[in-house]
Amino acid sequence: MGSIVVDVMLKPEILDPQGQAVAGALPRLGFDGFTDVRQGKRFVLTVDGDVTDEHLAAAREAAEKLLSNPVIEDVVAVHVLDEQAAAAEGSGEAEDGEQ
Amino acid sequence: MKVGVVTFPGSLDDRDAARAVRECGGEAVPLWHGDADLKGVDAVILPGGFSYGDYLRCGAIARFAPVMDALVPAAQGGLPVLGICNGFQVLTESHLLPGALIRNDHRKFNCVDQRLVVENASTAWTSDFEAGQEITIVLKNGEGGFVADEKTLDVLEGEGRVVFRYVPDADGRNPNGSYRHIAGITNERGNVVGLMPHPEHAVEAGYGPSLDGRGFFTSIIKQTLESAATA
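Heads up: the protein sequence lines correspond to chains V and U, in order. By the count of my numbering, the first sequence reaches residue 99 at its end, each step adding exactly one. By the count of my numbering, the second sequence reaches residue 231 at its end, each step adding exactly one.
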């Protein structure tokens, strides 16, 4: 079972009130080194079997047609999810063997 | 004179819109999101609410409902369509109108009696107003900030396609951060109009801030009767 990740961000010139709300909350928790926050969206599209070029092409089309609104948003990445790398990143250590 | 009112999952103001049509002398025809059938109506209203829970983006999923497969080409062919609030969001997501609606710049939900200036009184939905007229109708939204790139805004202004503008407050601010105080716009042909405020909540004495909303519905009823007479 493979997955494709689609990342969508508001265009830089579009105001991001949600990001601003987060930016306002960070200093209250002591995180005062961040000068700006932009909030985006991540979609994980799962397919039967391995991800093929056709799956990727369909994901790119879906990203432009539905997952993003090109008036206000950019599709910044469409790529195959590397499960092991994601797991290693998530747990902070390499895991092996598990699917 | 039949005005269709579409109900999506999560529409809230479909019944109010239908009632407003009847109050102003038209026949309201319920249209269902799952049917690609406009039932021979003379005009269509996309009502306010939270279609599909505002998931993904406001109006983004409703835009691909079966009824839209019939509505989009009909609107491109000249069928009068009014999008109110969530309906306006559906129209921008459908690319029947340019720009987009984003979260209010102050991040609070609005619910106010809002003063607007009618900028264009020659659309299918505003002919009973006069250009420059001020009206007061209800505004209630969380994501009503109208945005578009500078070029698009200039085109809208240059072609007289800004239909309504918010009257800014003493600090020069409008209620949701809309660029150039834009509350409503139209397409090139003037048959498709979208706005964030709610005319359907201002049609009956004792309910709402005024009767100013009636002009939307009397305009479309009159225009449809006239075009039927000349057809």
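Where hints are given, some of them may not hold.
To be verified - Derived lysine to aspartate or glutamate pairs resembling EDC-like cross-links, with alpha carbons at most 20 Å apart:
#1 K11/V <-> D149/U
#2 K65/V <-> E83/V
#3 K65/V <-> D69/U
#4 K41/V <-> D35/U
#5 K140/U <-> D54/U
#6 K11/V <-> E150/U
#7 K11/V <-> D105/U
#8 K140/U <-> D169/U
#9 K2/U <-> D35/U
#10 K41/V <-> D7/V
#11 K65/V <-> E54/V
#12 K39/U <-> D54/U
#13 K151/U <-> D53/V
#14 K140/U <-> E150/U
#15 K65/V <-> D54/U
#16 K151/U <-> E13/V
#17 K108/U <-> D54/U
#18 K151/U <-> E54/V
#19 K222/U <-> E23/U
#20 K41/V <-> D74/V
What the hints assert, rightly or not - Simulated coverage check for chain U against chain V, where a stretch passes if three residues somewhere in it have a Cβ under 8 Å from a Cβ of chain V:
#21 155-166
#22 219-229
Hints are computed from structural coordinates only; laboratory data are not their basis. Bear in mind the structure is a predicted one, so any value in this text is a computation, not a measurement. C-beta: ideal position from N, C-alpha, C; glycine also.
Status of each hint after checking the structure:
no. : hint              : result
1   : K11/V <-> D149/U  : 11 Å, holds
2   : K65/V <-> E83/V   : 26 Å, violated
3   : K65/V <-> D69/U   : 15 Å, holds
4   : K41/V <-> D35/U   : 31 Å, violated
5   : K140/U <-> D54/U  : 15 Å, holds
6   : K11/V <-> E150/U  : 14 Å, holds
7   : K11/V <-> D105/U  : 16 Å, holds
8   : K140/U <-> D169/U : 17 Å, holds
9   : K2/U <-> D35/U    : 17 Å, holds
10  : K41/V <-> D7/V    : 6 Å, holds
11  : K65/V <-> E54/V   : 16 Å, holds
12  : K39/U <-> D54/U   : 27 Å, violated
13  : K151/U <-> D53/V  : 37 Å, violated
14  : K140/U <-> E150/U : 26 Å, violated
15  : K65/V <-> D54/U   : 17 Å, holds
16  : K151/U <-> E13/V  : 14 Å, holds
17  : K108/U <-> D54/U  : 16 Å, holds
18  : K151/U <-> E54/V  : 36 Å, violated
19  : K222/U <-> E23/U  : 14 Å, holds
20  : K41/V <-> D74/V   : 11 Å, holds
21  : 155-166           : violated (count 0)
22  : 219-229           : violated (count 0)
Hint compliance for this structure: hints 2, 4, 12, 13, 14, 18, 21, 22 are not met, and every other hint is.
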